[in-house]
Amino acid sequence: MKLSQLASQLKAEHVGEADISGVASVTSAKSGDLVYAADEKHLAGALSSQAAAVIAGEFAREAAAKKPRLIANNPKLAFARAAKILQSGSQKPVGINPTAIVVPEAKLGKDVFVGPLCVVAGGTIGDGTHIGARTTIAPDVVMGKNCKIHANVTVRSGTTLGNNVEVQSGTVLGSDGFGYVRDDETGRYEKFPQVGRLEIGDDVEIGANVTIDRGALDATVIGRGVKIDNMVHVGHNVTIGENVVIAAQTGISGSVVIERDVIIAGQVGIADHVRIEEGVILGAQCGVPSNKVIRGKGVVFWGTPARPIREYLKELATLARLAKKK
Amino acid sequence: MKLSQLASQLKAEHVGEADISGVASVTSAKSGDLVYAADEKHLAGALSSQAAAVIAGEFAREAAAKKPRLIANNPKLAFARAAKILQSGSQKPVGINPTAIVVPEAKLGKDVFVGPLCVVAGGTIGDGTHIGARTTIAPDVVMGKNCKIHANVTVRSGTTLGNNVEVQSGTVLGSDGFGYVRDDETGRYEKFPQVGRLEIGDDVEIGANVTIDRGALDATVIGRGVKIDNMVHVGHNVTIGENVVIAAQTGISGSVVIERDVIIAGQVGIADHVRIEEGVILGAQCGVPSNKVIRGKGVVFWGTPARPIREYLKELATLARLAKKK
Amino acid sequence: MKLSQLASQLKAEHVGEADISGVASVTSAKSGDLVYAADEKHLAGALSSQAAAVIAGEFAREAAAKKPRLIANNPKLAFARAAKILQSGSQKPVGINPTAIVVPEAKLGKDVFVGPLCVVAGGTIGDGTHIGARTTIAPDVVMGKNCKIHANVTVRSGTTLGNNVEVQSGTVLGSDGFGYVRDDETGRYEKFPQVGRLEIGDDVEIGANVTIDRGALDATVIGRGVKIDNMVHVGHNVTIGENVVIAAQTGISGSVVIERDVIIAGQVGIADHVRIEEGVILGAQCGVPSNKVIRGKGVVFWGTPARPIREYLKELATLARLAKKK
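Protein chains in written order, with our numbering: chain S, 660 to 985; chain Z, 660 to 985; chain C, 660 to 985.
Some clues are possibly wrong.
Copies of one chain are not kept apart here, so a pair can be met inside one copy or by any two copies together.
[What the hints assert, rightly or not] Cut-off 20 Å, straight-line C-alpha distance, at most; resulting in silico cross-link-like pairs (SDA-like, lysine to any residue):
1) Lys973 <-> Asn733
2) Lys743 <-> Ser707
3) Lys743 <-> Val840
4) Lys735 <-> Thr783
5) Lys956 <-> Arg720
6) Lys807 <-> Glu936
7) Lys700 <-> Val959
8) Lys726 <-> Gly787
9) Lys670 <-> Lys850
10) Lys807 <-> Lys850
11) Lys735 <-> Val674
12) Lys769 <-> Ile968
13) Lys725 <-> Gly955
14) Lys735 <-> Arg847
15) Lys766 <-> Glu672
Keep in mind the hints are simulated off the structure, nothing from the lab.
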C-alpha cells in the first residue's frame with residue numbers, strides 16, 4: 660500500500676512516498692514497515708530506523724531527514740488505525756471447516772468462517788464473522804457482523820453479541836451466575852435459577868480466560884465499545900456503560916452498575932449492588948464494598964474501601980510518619 | 660404444571676390455581692411465569708406483574724389481589740426449588756454424540772449424555788450425568804450420578820466427583836499443584852511430584868474457569884455441598900468442609916484446611932497451611948498469611964493480614980482521623 | 660527399579676536394597692513406594708511407614724530401623740528427582756491420534772504425541788513433545804523437544820517454546836495484549852496492534868488457566884526455568900528473567916521487567932513499566948505502582964504500595980496500637 664493512500668484513508672498529510680506492508684516498533688522495523696513517534700523526543704529514533712515511513716505529529720513536518728512521513732494530530736492513534744487498514748488488506752479465510760460440527764438449524768451469514776472442531780449448535784452468525792478453531796456456540800446465540808472469536812471460546816445460550824466484537828481464547832460468555840439461597844434448617848444451599856441473558860454491544864473487546872455470567876432472570880449488559888482485559892470476572896445482572904475499560908483480573912459482583920467512560924485498573928474488586936458513576940477511575944487492587952456509590956468524573960479512587968486517592972495517599976503518609984516516630 | 664402440583668411438591672400452601680411453565684423476574688414475567696416476593700415491600704409489584712402466580716410469605720395470604728399464589732416460609736428458597744422442579748420436567752438429551760471420542764474401556768451408566776467432540780479417555784460416569792460439548796475426561800476419572808458438566812471442561816486423572824456435581828465451562832479439575840524444590844547449588848527448581856487425587860463430594864457446584872489442583876502425593880478434598888464461583892484457585896492438598904461458599908477470584912494455597920460452613924467473599928487470598936475454622940466469614944480481598952488459624956463462628960474478618968472486622972474498621976477510622984488532623 | 664540404581668542416578672548413597680515402583684507420602688505409602696524425610700523429626704514416621712525405602716539426610720545413616728534408605732544432602736530434592744526418574748521409566752504414548760487435525764505443513768519431530776481432537780495448524784514441534792487432547796497450535800508456533808502440553812491448551816501464532824516446557828490445561832499462550840489508544844474527539848478506543856511474539860525459554864512450567872500475552876510489536880519473554888502457577892496473567896512486552904517463581908493469580912502488566920531469581924507470591928499486582936530487580940521477594944497480595952523500581956536481593960516487600968516488610972509490619976503495629984487507644 661502506498662503511503663499516500665494510507666494518508667488519504669487516515670485523513671492525514673503525507674510528506675514523501677513509500678510502499679508500506681506492515682507496522683513495527685522502531686527497534687524491530689524493516690523495510691516496508693511503518694513506525695510512529697508519539698512525541699518529538701522519539702522522532703530522531705524513528706527517522707533513523709529501518710522503517711519505510713514514520714507517523715508523527717506536527718513537530719515532524721520540518722525534520723531534516725528524508726524519510727517519508729505522515730503528519731497526524733495523534734500519531735499513536737493514527738498508527739493504530741493504519742495497522743488496522745493494513746491488516747484488513749490481507750485475505751481472511753472464509754467457509755466452514757469440514758471438521759466443524761454445524762447443525763443445520765444454525766443461520767450463518769455471508770463470508771463467515773468456522774474453524775476446525777468447532778461446535779455451532781444453532782443460533783445466528785452475522786456476515787464476515789470469524790469463529791476460531793475449537794469454539795462452542797450454543798443453540799440460541801445471536802452474533803453480529805464482523806466479529807472475531809478466537810480459538811477455544813465458549814458461548815452459552817442466551818448470549819447476544821453486537822457487531823465487531825472480538826473475544827480472545829479461553830473466555831466463557833454466559834456462564835451461570837453465582838446465586839444460592841440458604842436453607843436455614845439444613846445449612847445447605849439451593850441454586851437460584853440462572854436463566855437470564857447476556858447482551859454484548861458493538862465494538863466490545865474481551866480478553867483471554869474472561870468469564871461473563873448471564874443474568875439470573877434478566878440480563879447482564881455490556882455496553883458499546885467496552886474493553887475487557889484477561890481474566891476479568893463479570894457477575895450476573897451487571898450493567899456496564901459505553902467505553903468502559905477494565906484491566907486484568909478485576910472482579911465485578913452481581914447487580915453492579917458501571918456507568919459510561921469509567922476506567923478500572925487491574926485486580927479491582929467491586930462488591931454486589933455497587934454503582935460506579937460516569938468517568939470514575941478506580942486504581943489497581945482497590946475494593947468497593949457492597950451497595951456503595953462511587954462518584955466523580957476523572958476522580959481516582961484507591962485502597963480498600965476505595966476512597967479518593969488524595970485521601971488515601973495522605974493516610975499512607977501519615978501512617979509512615981507515625982511508624983517512624985516510634 | 661399446575662400451581663397446586665407445585666405447591667404439593669414444595670410442601671407449600673396455594674391460594675388459587677394457575678398453569679406454570681417457567682420462572683421470571685417481576686419486570687420480565689409473562690403469562691405462565693412464576694415470580695416471587697421476598698418480603699412485603701416487593702409484594703405489590705409481584706401481584707401486579709404479568710406473572711401467572713407469585714410465591715410469597717405469610718404476609719401475602721390476605722392480599723386483596725386475585726393473582727394465584729404460593730405461601731412459603733422462605734419465598735426465595737421456594738422459588739429456587741420451584742425453578743428446579745419446572746426445569747426437571749423438560750426432557751434432557753441422552754446418548755453419545757457420534758463425534759465424541761469415547762474409548763471402549765469407559766464405563767457409562769444409564770441415560771448418560773456425551774456431547775459433540777468430547778474426549779472420554781476412560782473412567783466411570785454415573786447414571787444421568789450430562790457431559791457438555793468439547794469436554795475432556797481422563798482415563799481414571801470417576802463421576803457420580805446426575806452430574807452436569809458444561810462445555811469445555813477438563814477433568815484430569817485422579818479426579819473423583821460425587822453425585823449432582825455441576826461444573827461450568829473452562830474449568831480444570833485435577834491440574835498439577837505448584838510445588839518445587841530449589842537446588843541451592845544451581846538456583847534451579849525441580850518439580851515436586853504432583854500425582855495425588857482430587858475428591859469432590861456430592862452437590863458441589865463449581866463456576867467457570869476455576870482451577871482445582873490434585874494433591875501432590877495425597878488428595879485435595881472438596882466437601883459435600885461446597886459452592887465455588889468463577890476463577891477460584893484451589894491448590895494441592897487443600898481440604899474444604901461441607902457447605903463452604905467461595906466467591907469469585909479467591910485463591911487458596913496448598914495444604915489449607917477450611918472447615919464447614921465457612922463463607923469466603925471474592926478475591927480473598929489464603930496462604931499455605933492456614934486453617935479457617937467452622938463458620939468463619941472472610942471479607943472480600945482479605946488475606947490470611949501462612950500457618951495462621953482463623954477462628955470464630957459468624958465472625959467477619961477483613962484486611963491483610965485478616966483481622967476481626969471491628970478492629971479493622973476502627974483502624975481505618977483512626978487513620979482517617981489522624982490524616983485529617985495534619 | 661532397584662534402590663541401588665536409583666542411588667547411582669541420584670549420586671546418593673544407599674543403605675540396603677529394595678525394589679521401587681513409585682513415590683508416595685508417608686501416610687499413603689504401600690510396598691514398592693519410596694518416601695522421604697526432610698528432617699530428623701520426620702524420620703521415625705517414614706521408617707515405620709509401609710514404604711519400601713526412605714530418602715533422608717545424613718541424620719538417617721545410623722538409624723536402627725532396617726528399612727532401606729538413600730542418604731542425600733537435600734532429601735526433598737532427591738525425592739523429586741527420584742520421582743522424575745521413576746516416571747520416565749513408564750512408556751510414553753507416541754504418534755498422532757487419528758482424530759487430531761494436523762496440517763501437512765506442520766513439522767513434527769520424532770516420537771511426538773498429538774492427542775485426540777487437537778488442531779495443529781502448522782508450526783514445528785520438537786522430538787518427544789507431548790500434545791494433550793484438544794489442544795490448539797497455531798500455524799507459526801515453534802515448540803522445542805520433550806515439552807508436555809496438557810489437554811485443552813491454546814497456543815497462538817508468534818509463540819516459541821524452548822525444550823522441556825510444561826503447560827497445564829486451559830492456558831492461553833500468545834493472546835493479544837491489552838493496548839488501546841483513546842480518540843479524544845469521540846471518547847472511543849482504538850486497538851493498538853498486538854502482533855508481536857511470545858518467547859518461552861527451556862524448563863519453563865506454566866499452570867492451568869494462565870494467560871500470557873504476545874508483545875504488541877516486539878516480544879514478551881519468559882526466561883529459562885521460570886515457574887508460573889495457575890491463573891497468572893502476564894501482559895504484553897513483559898520480560899521475566901531466569902528461575903523466577905510466580906504464585907497463583909498474580910497479574911503482571913505490560914512492559915514490566917522482572918529480573919532473575921525473583922519470587923512472587925500469590926495475587927500480587929504489578930503495574931506497567933515496573934522493574935523488579937534480581938532476587939526480590941514480593942509478598943502475597945502486594946501491589947507495585949506504575950514505573951517503580953523494586954530492589955534488594957532477598958528483601959521481602961509487602962502491602963500496596965509495596966514496601967519493605969519491616970516497614971509495613973511496623974506501620975500495621977503502630978496503627979493497631981493507635982486504634983486501641985481511642
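Each hint, compared with the structure:
Taking the shortest Cα distances, Lys973 and Asn733 never come within 20 Å of each other, neither inside one copy (35 Å) nor across copies (47 Å). For the identical chains of this complex, Lys743 and Ser707 are neighbours neither inside a copy (24 Å) nor across copies (52 Å), given an alpha-carbon limit of 20 Å. In this assembly of identical chains, the alpha carbons of Lys743 and Val840 lie at most 20 Å apart only when taken from different copies (13 Å versus 48 Å within one copy). In this assembly of identical chains, the alpha carbons of Lys735 and Thr783 never lie at most 20 Å apart, being 36 Å within a copy and 35 Å across copies at closest.
In this assembly of identical chains, Lys956 and Arg720 lie within 20 Å of each other by CA distance neither inside one copy nor across copies; the values are 36 Å within and 48 Å between. In this homomeric assembly, Lys807 and Glu936 never come within 20 Å of each other (Cα to Cα): the closest approach is 30 Å inside a single copy and 39 Å across copies. Proximity of Lys700 to Val959 under the C-alpha cut-off of 20 Å is found in neither arrangement, the shortest distances being 29 Å within a copy and 37 Å between copies. For the identical chains of this complex, Lys726 and Gly787 are neighbours neither inside a copy (37 Å) nor across copies (49 Å), given an alpha-carbon limit of 20 Å.
In this homomeric assembly, Lys670 and Lys850 come within 20 Å of each other (Cα to Cα) only across copies, at 18 Å, whereas the closest approach inside a single copy is 55 Å. In this assembly of identical chains, Lys807 and Lys850 lie within 20 Å of each other by CA distance solely across copies; the values are 13 Å between and 34 Å within a copy. Within a single copy, Lys735 and Val674 get their C-alpha atoms as close as 18 Å, which meets the 20 Å cut-off; across copies the closest is 67 Å, which misses it. Proximity of Lys769 to Ile968 under the C-alpha cut-off of 20 Å is found in neither arrangement, the shortest distances being 50 Å within a copy and 58 Å between copies.
In this assembly of identical chains, Lys725 and Gly955 lie within 20 Å of each other by CA distance neither inside one copy nor across copies; the values are 48 Å within and 47 Å between. Taking identical chains as interchangeable, the C-alpha atoms of Lys735 and Arg847 lie at most 20 Å apart only when they sit on different chains, with a minimum of 14 Å there against 55 Å within one chain. Within a single copy, Lys766 and Glu672 get their C-alpha atoms no closer than 44 Å, and across copies no closer than 46 Å, so neither meets the 20 Å cut-off.
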